[in-house]
Every structure is written in structure tokens, then in C-alpha cells.
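Enquirer: Take a look at the letters that make up each chain.
Number of protein chains: 2
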Amino acid sequence: MSKDSMDLKALFIGDKGENADLYKDMLNKLVDEHVGWRQNYMPQDMPVISEEDKQTEGYASSVNKMKSVLDEVSSKLRSESVPWHTAGRYLGHMNTETLMPAILAYQFAMLWNGNNVAYESSPATSQMEEEVGADFAQLLGLKDGWGHIVADGSLANLEGLWYARNMKSLPLAISEVVPEKVYGMSEWELLNMRMEDILDILDNVTDEQIDEIKSKSARSGKNLSKLGKWLVPQTKHYSWLKAADIIGIGLDQVVPIPVDSSYRIDVKELESLVRSLAADKTPILGVVGVVGSTEEGAVDPIHEIVKLREKLAKEKIYFYIHVDAAYGGYARSIFLDENNEVIPYEKLKETYKEYNIFNSDVTISRDVYDSFVAIGDCESVTIDPHKMGYIPYSAGGIGIKDIRMRNIISYFATYVFEKNSVAPSMLGAYILEGSKAGATAAAVWAAHHVLPLNVSGYGKLIGASIESATRFYNFLSDLEFNVNGRKVKVTPLINPDFNMVDYTFNEVGNTDLTVMNKLNHDFYDQASFVTGSLYSNEFMTSHTDFAIPDYGNSPFKYVSGLGFSKEEWEKVGKVTILRSSVMTPYLNNDKVADEYFNKIKSAMKSKLENILG
Amino acid sequence: MSKDSMDLKALFIGDKGENADLYKDMLNKLVDEHVGWRQNYMPQDMPVISEEDKQTEGYASSVNKMKSVLDEVSSKLRSESVPWHTAGRYLGHMNTETLMPAILAYQFAMLWNGNNVAYESSPATSQMEEEVGADFAQLLGLKDGWGHIVADGSLANLEGLWYARNMKSLPLAISEVVPEKVYGMSEWELLNMRMEDILDILDNVTDEQIDEIKSKSARSGKNLSKLGKWLVPQTKHYSWLKAADIIGIGLDQVVPIPVDSSYRIDVKELESLVRSLAADKTPILGVVGVVGSTEEGAVDPIHEIVKLREKLAKEKIYFYIHVDAAYGGYARSIFLDENNEVIPYEKLKETYKEYNIFNSDVTISRDVYDSFVAIGDCESVTIDPHKMGYIPYSAGGIGIKDIRMRNIISYFATYVFEKNSVAPSMLGAYILEGSKAGATAAAVWAAHHVLPLNVSGYGKLIGASIESATRFYNFLSDLEFNVNGRKVKVTPLINPDFNMVDYTFNEVGNTDLTVMNKLNHDFYDQASFVTGSLYSNEFMTSHTDFAIPDYGNSPFKYVSGLGFSKEEWEKVGKVTILRSSVMTPYLNNDKVADEYFNKIKSAMKSKLENILG
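Which chain is which? The protein sequence lines are W and X, in order.
At position 317 of the first sequence the residue is numbered 317 (UniProt numbering), and the sequence of numbers has no breaks.
At position 116 of the second sequence the residue is numbered 116 (UniProt numbering), and the sequence of numbers has no breaks.
Honestly, the hints are just simulated from the structure, not real lab data.
Some hints here could point you the wrong way.
Which copy? The list can't say, so a pair holds if one copy fits it or any two copies do.
[Claimed, not checked] With a straight-line cut-off of 25 angstroms between C-alpha atoms, the simulated DMTMM-like cross-links for lysine to aspartate or glutamate are:
{"hint": "1", "residue 1": "K599", "residue 2": "D478"}
{"hint": "2", "residue 1": "K236", "residue 2": "E208"}
{"hint": "3", "residue 1": "K67", "residue 2": "E208"}
{"hint": "4", "residue 1": "K268", "residue 2": "D53"}
{"hint": "5", "residue 1": "K67", "residue 2": "E595"}
{"hint": "6", "residue 1": "K216", "residue 2": "D594"}
{"hint": "7", "residue 1": "K222", "residue 2": "E51"}
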């Protein structure tokens, strides 16, 4: 294939089912292959369901019953679903079309119903999951790493925190079991050891000692309160609160890191936070950086966090870093060449030209690039195929930096690994979950094989989404409405780091923030399931609130730019925001964008008329 | 429909694809309905993929690429999958055909790709999940309860332990925030309050107080070590070790409960264990009872555990009970009449005759019945649709006894509940997980609607499995082989409580346990992926080890019955067992059973010849 031969238009069922015939042909071929497999299995065995069986009244009425139930399922789905398949009328949550090969692979593989908890139950899909895990590690730059599919990003975050908690506790356990290995180290030093150093020690003790060390680690229930603080961005996703609760370190150990007016971690603030904790001899269990925040699409400066860690390590302060790239993770593919090596920043423009990534002028900032590149220096990373991987739910994922880490949380002796070189014989022993659908692995595997995880494959899809978002952002930036003589202006929140476009409506001259919040909430009601059928709704979006308890004053720059005073901001304490994850791969060309932006404009106008009229 | 009109033969694709045409017709109808929905959405919007687009070289090569990848997926699945669709040649793990309506509903609903984390993203499937949760509660007898789908049973167990941990810690938090509500109670009394009493207190404080109490509960990270011991059956499933590790109470708090020679919890031993802990003023965080153990199909006497709790409550000793009915949960349907009321034990036989549940004489013991009935008295219950619900992976589930419990672990203010009467607007705030496939809810919903969760629906399917297991057990009980002049005898482990049939081969006269263990392990190798293609293997099964560290001497009765001495047992320390979960719904009639048992017999013989020959 030539460098621009991957055509995204071939990979989706299509907003109007344009590829439905293709989809159905492939589906039926696959189903026939499965049925043939059943038919040709031990042909000496007679079918247990005979033609006579099919003539009974019971059979007929059972078939009827099944058909009626499926009619009801169909009616419910068609009556009350979100039409995110549209090329442009749904710009809300992280939903759009998913990749046809992933859908097909899932629908096919589920007929075999493998359970990837154990290799024995699912040889084919267990191998696929092992390959997908290696894909995650490579995509994320985790060179000696490993990965696997997780049911969702909240669980992957929880698994990351589980790794961090148990890792951090190991040196204390080592000092009990093999004190000579950490001779002369203070408790502070033990709680600030580099991960590699800990793993190296474990390489040099016996299997029995490893088991004893593990049994005295945080898994015993001891020392949890000694491990220190878990630092998450102030705009904390509720999954981090849940995770700290579940893992037992507790919410009291969660410390917010201030974000700047771009909603990114403020690394100076992070440094002083860490230093002040260290001054009190409070260890830092770990720091979470978010790559693609769910509300703002913000990309935290992972490279600066890594650099800060290097600097502090010289002062015997060390922390685990978990990157929550549930949303953004797949976007790292746009920075990798066909050999999966990072493309130098200076070469991005020409590479994107070569691969036809963008149809218009789109620039990715150096900051964002540097952050993505640095992900590989962090201990664990959440990455969700069901977000920017365009895979159907549920498919989350995690990558870890060092494959040796997995034994820290495992429940079997180390020798089990040796038995099977392709995939662990019992994946369930090395992960948080138990039973898991082999079909998910088949879906992700198929997508990764159709679209390589670099600029020649996923990079194009991510590029289409980023370009669509840029176009939507530009469209909103100039937008103003005359609603029955009242002027209403649209103001995007920020030029986002990623494909999440936030914005508000405000009547020109309005200085009452409550009024503006109500206008935007009313708009959301008009643009969602709240008011009537989604199917006939001409524009749909989602919304969020930025409130002081979670955001501090980071939104004030924006709010102030809209003409609200500091007093007003402090009085109201929140701003209601409309929120569009622009995942559609279709708004990246002039014709489609113009068509849909005109339609969105007129739909917005009529909603505003309903509200203000 | 008449009482025996539900014909299970209509509900599966069939071991030889007998219903494949029916399946394909329904699948294509559903797919067409989905495609029609796309096509008729805003017909004024032109398709973004034009016929011209489809003529380009890039489109053609991308389609080719996709087709080749799917060919590869198909080849891998067909080459290395487990042929559990067979009516009788695979009797190993908990795998057999899954229900056609569930497969179809999943394949259909996944085209909409709803995310049940939030109602807004998935109105149709969120409502279905709410109904499925209510189904779980009703099936399990949790009268004021609630439930939801969980990715798998390990996570549902973890969620149960999370509930237990946070519930147990509440009285300590209450005594800090609203001490007047627990005036005069000692710490011991606080740690031994009945769940209902705790929830009643919360009904009588303000929302702000509830938030403060929650913030001082175990979610803060405090008091974890005060909560006491978590008691699990000695044969502990590794998911319980993981759960105790993850939840932060730690493995050191996990105490094994001895099991008897039927592999059930020994309630007398449990009582003395609880009393001796209480005598030391160590609270009991909770007790796990297993309904359908994964290795032995054992059903712990839940009714006796509940009774013991009632007795001890009078002595101010109280513990949470979690039932791990991941495997057995759905089997409670065989004890419910069409009004979903428990059928009196004395009426079971006649009811089963009326509904044609069994084709031969099958008796369910009073103990097992009583245990299932008592599930409704326990605080939380794991139940996996992807096990005895005959639903494809991944579909686990949980039921809780009192819907008020869900606020104990939630992350939003209580008022959010009021907004939406059908389903919580944000399910993700009340559960352990985040994003979750709406398609799973559609699959389970469809199955529950085709097969009601009582004797008229699922009861028949469960009955078919139990009868198939009984027949297999009887077949094994008489089995003996002459292998090149050597006599090899089969001995089932126990007459199982449920559909798990365990057994061993032993050469008559052999008194060396290591030799027997090797024979059975060699047999497993011959009957699994270990030796060559599964597709051409004429009989497949799974295996397990009962070793002293996990089982104590509970297997000795069996081992001794085989002629091994106590010294031999203690020297070798484990017995290798072959293990058949008999889930197939097809071996419940004479003709099919005879045919397959003959084939299994000859396959077993030829495997033994390979090993001993």
C-alpha cells in the first residue's frame, strides 16, 4: 500500500449505512464459517435437535416467544438510543461510530465464547490478548513493558493504584525478609526507592523469599497508612476517589494538584506540594497525570512531571507515576512512524503531509507532543480501546513499564510463567479481574491489525478526529445568534489540547452568571434525551459543571473573559459548560463540515428560540 | 403456553448448527432494523460516504485489508478454540452453548454501543439493566434489594467485600458524627450492629450528616484494621485472596473456615471459630458462603449460617454474610413457582413432573434446597449470568439485600436518585466499575424475558443441566476399563450438590498416590489443548488439585476410600482430580446420553491406552 492508501471510509458501517452491504456480507461469511465449524465437528455424531423436534408445538411457541422478545429489544433500542452514528449532529460524549472490523470480530468471536481468564478456555483469543497487550506497551513507549485488556478505565486506574500501593510497600517488606539487601537504608529511603531498584532486588532473591516479601507487602493489610499521599489533578475524575476508597489507602490520602487555566497540572505547584509533604516526611505514593481529561481534553505535561521526578530523586524523593490516558492513549499513534519510533517534532508537518493526515492546517503543540512522548517513562498507563480506539464497549486497557511488575500483584508462584511462552496460562492470576470475554481481545486485535498503531493507521483516524475538533472549535469561535432581537454569543472554553471542545452561550451584556448557567443548562436539556426523542433532535451535546470545590479558580480566567466579575464567580461558584467530544471521523473536510456546521447553527438557533422566545 | 411448552431445543444454535438458519434469519432481520434506523435518521442529510468514494483504490485496498484480517481472525478461532458446543464430548470448564436470544440481543445492541455508566448515554439499555438488577434481587429472594450487572464474579465478590467493609465501619463513623444515635454503645457493640439498624439510623439523619459519616467511614482509609476477620471457606477461591488484598483489609485478615468431606462449610467449626475470635474481642467483618463451588459444585449450608448468626446476635456478635453464588445463583429459579414464590420442598417432585423438568429420577436434597432458599437473608450475593445464566462472557452480577446499601458506597449526593425513577442517572456512581457495555444488559434482559427466572423458564434449563450431571455421575460410578490387561477404575469424588462432577482414574490395587495423580494428570493432558488439536480430540475435560494447604484433610475420606493410607496422603499432600462441569442441556435423555456415554467410554479407553500402553 502507498502511504495514504488507508481509507477510513471503508472501515465504518457508515452514518447512513453506506457500507451496510459490505458489513452484512462479511458478517454472514463469518457466521457461516462458525456454523460450518459446528457442522463439521465429529460428523459421526448425529445432531441432537432433529427435524422432528422442530415440528413440535413447544418448539414453535418457543421460537415465537424468542422472536417477540427480540422484537421488543429492537423496538426499545430504536426508540431510545443515541444517534451518534450521525456524521455531525451528535457531538457530546465520547461516542461515534466504532470500527467495522472490531464489531465483526466481536460478533464472530462471541460465538465461541472464549474466557480469557485462562489460556485453556480460550487458546485463540488468549494469544490475541497477549499480542494486544504488547501493542499497548509498544504504542505507549513502555519498552520492557506488558499490558492487557481491562473491562474499563476506572478498573485500569484501580489496577494502577494497586500496583503503586503494593510496589511502594515492598521495600518495607524487603527490609523485614532480606534486610541485607537494603542495609543501612532509613524508612524514608525505603519509601522513596526507585521502582527499578526494587525489581532488581527481587531478581536476586529466591522464589521463597519473593513469596515471603509479597506476603509482608501491602497485600497483608499492613503499612497502608505509611505509604503516603496519592496526588491527582484537582479536577479529579470520580474514578480516582472510588479507587482510593476501594484500595484502602482512603480518600484522606488523596491530595489535589492545582491545575492552570488550561486545566493542566501546574508543575510548579506540584513541585511545591511534593516538597512541602517531603519536608513533613510524608511520602508520595504516586502522582497521576491525565492525558486527555474527560471534561476538557487537557493533556497534563507528563514530560515535566517525569523531569521533576528525576530532579527530586537526587534529593531522595521518589514517586510512582500513573498516567490516566484512558481517553488520549491511542493518540500516541500519531507521533509514531511505521517502525513505531517516535517522529521528531520538526518532522511532524511533513510526515502528516506525506500520509494525508490532515486536509487543513492543524498544528499539534510541542507541549502536547512532549507529554505523549514521555508516557513511556511512567510506571503504568490506562488506555481505553473503547474511547479513542473506536472499539465497542467494554474494552479498557492498561500498560505497565516493566513486565516484572506483574509478579508483584500475582497470586501464583513465579514458575507458572515458564510453562507457556505465548501467554500466561492463567491471566486471571495477574490482573484485577477474573472471567473476561475473549471476544473483546478479538475485536481489539482485529482493529490493531487493520490500523497499525502509528501514523499509517490509527494516526489517520486520530488525525481525522483532531481535525474535526479543530474545525468545530473554529466554527464556534465566530458564532453569534440573533434570537428575537437578543444577541447570544458562543465562546469556546480553550483551544483544547485534544478533541474535546467546550463552550458556552451567553447573552451579550449579561453579567449574571446564574443566568448564563441556566441558559446553558436549558440548552443541554434541549440538546439531549431530557426533552423528547433523540431521533428527531437536530443537534445533541453533553454538559458539565466546573465548580469551585473541584476546580478552584482555574475557570476564572474564562469566566472573567466573558465579563463576569470575581465577586460574581465566587458568589455563584460554578460555570455550566457545554461539552463536545468530537470523535466523528467525518467532519475533516470542507464540504461535510460546511454542511453540518450550517445545520448545527440552525438547530442551535431554534433551540435558543425555544428557550428565550 | 402450557406448563411444558418451553422447548430448550429452540433456544440454542445447536451442537450441529441445527438452528443456524433460524439464527441467521433473526440476526439479519435485526441488522436490517439497525441499518434502517441509520438510513432513516435525518434523511435530509446526504450520506458522507458516496458511491464515488467507494470506487477509489484506497477504499478497495482498505476493504481487502479488513477482509484479510478477518480471515485471519476466523482461521485462528477455528484452529484453536474449545468445541464446547458439542452435545457431550466436552465436559470440563463451565462452558457450553449460550442462549441464542442472548447472543442475538448482544450482537444487535452492540451496533448502538450504549454505555450503561450513565443513563444519558444509553437510555434503552440502562432501563434494561435496572430491570435485570430487579430480576437478580427477586430471583435471589432479596425482597427490598437491588442489583446490577458486573463484568465478572471476581469483581462482584470484590464489590461485596467493599460493601461489607464500608458498612462495618459506619457505626464508628456514626459515633463520631452523631454520637447521640449510638449513645452508650461500646466499640464492640458498634462493630457488631445489624445492618438494618445501621441503615435505619442513616434514614434519620440529615444529608449533610450522611456525607460526613461516609467521609469518616472506611473510605477515609481509617479503622480498616479494627473491622475484624473475613471468613471464607478453606477451599478458598483465589478471587477472595485478591479481593482482600485489593480492598486493603489484607490477606492477614482472611481466615479459612474448615469444610467437611462434602466440601461444604462445617457450621460447627464455623461457630467455634467465631466464638474463639469473639472471645479475643476480634470482630467478624463477614462470612462468605459459596453456593456452587467452582471445583466441587458444593453448596454451603447458607440456612445454617444464617441461623447461627441469629443465635449469635443475641450474644452481641454479628457478621455480614456475602454469598458467592457466581456459579449456582441462577439455579434458585428451579425452586420458584410462576409467581416467583418459593415452592415448598414437599411439592418439588410434583411440580417438576408438571413442568417436565426431569426425564428421569433426579432428587435435590433438602440441604441444598434450604441453602438456596436462605440466600435472601444475606447482605450481598454474587451471581454470574455468564455461568448458569447461559449468557456469553462477560456478564457477572450482584444483588444486595437492601437498596439503601447502595448509598454507602456511592459518590454522589443522595438527591441524584430522585431525578430519575427508572434507573439511576449515573450508575457508575453506585458501583465499582465505570464504563460498561449496554449490550450486556440487552443480552441478559432478552434471556430473562424468554426464560422467566422460575420453574417455567430457567428452571427447565437448570434442570436439564442437573439431570445431565446426574446421568454422567451414574455413568462414571460403574465405570471400569481393561487396558491391556490392567484394570482401571473410575471413582466419582462425591455425589455433587450441583452440576460439577469430579472423578479420578486409578489402577485397581495401586496404593501409590503419586502414581494415581500422574495417571490423572496424564489423562488431562490427553483430554485438553496440551496434546494437539482440540477439534479432533474425542473427549475433553478439565482438572484440579486438592492439596493440603487449601483443603486440609477434607479429601482424605475420598482418598482413603480409594485404598490410600493416611501416611500416603500426608506424604503426597495432594490428589489430582478430573473435573466436569456438566452444563450441556442435551444429555438429559436416554438416547443422547447413551450415545455420548458410549463415545466417551471409548475415548477414555483409548486415552488410557495411550498413557499406559
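Enquirer: Does each hint fit the structure? Answer for all of them.
Expert: To see whether the hints hold, each was checked on the structure:
In this homomeric assembly, K599 and D478 come within 25 angstroms of each other (Cα to Cα) only inside a single copy, at 16 angstroms, whereas the closest approach across copies is 76 angstroms. When the C-alpha separation of K236 and E208 is checked against a cutoff of 25 angstroms, the pair qualifies only between copies, where the shortest distance is 21 angstroms, while the shortest distance within a copy is 40 angstroms. In this assembly of identical chains, K67 and E208 lie within 25 angstroms of each other by CA distance neither inside one copy nor across copies; the values are 58 angstroms within and 50 angstroms between. For a Cα distance limit of 25 angstroms, the shortest separation of K268 from D53 qualifies neither inside one copy, at 75 angstroms, nor across copies, at 50 angstroms.
When the C-alpha separation of K67 and E595 is checked against a cutoff of 25 angstroms, the pair qualifies neither within a copy, at 40 angstroms, nor between copies, at 32 angstroms. Taking identical chains as interchangeable, the C-alpha atoms of K216 and D594 are never at most 25 angstroms apart, the minima being 63 angstroms within one chain and 54 angstroms between chains. Taking the shortest alpha-carbon separations for K222 and E51, neither the intra-copy value of 64 angstroms nor the inter-copy value of 65 angstroms comes in at or below 25 angstroms.
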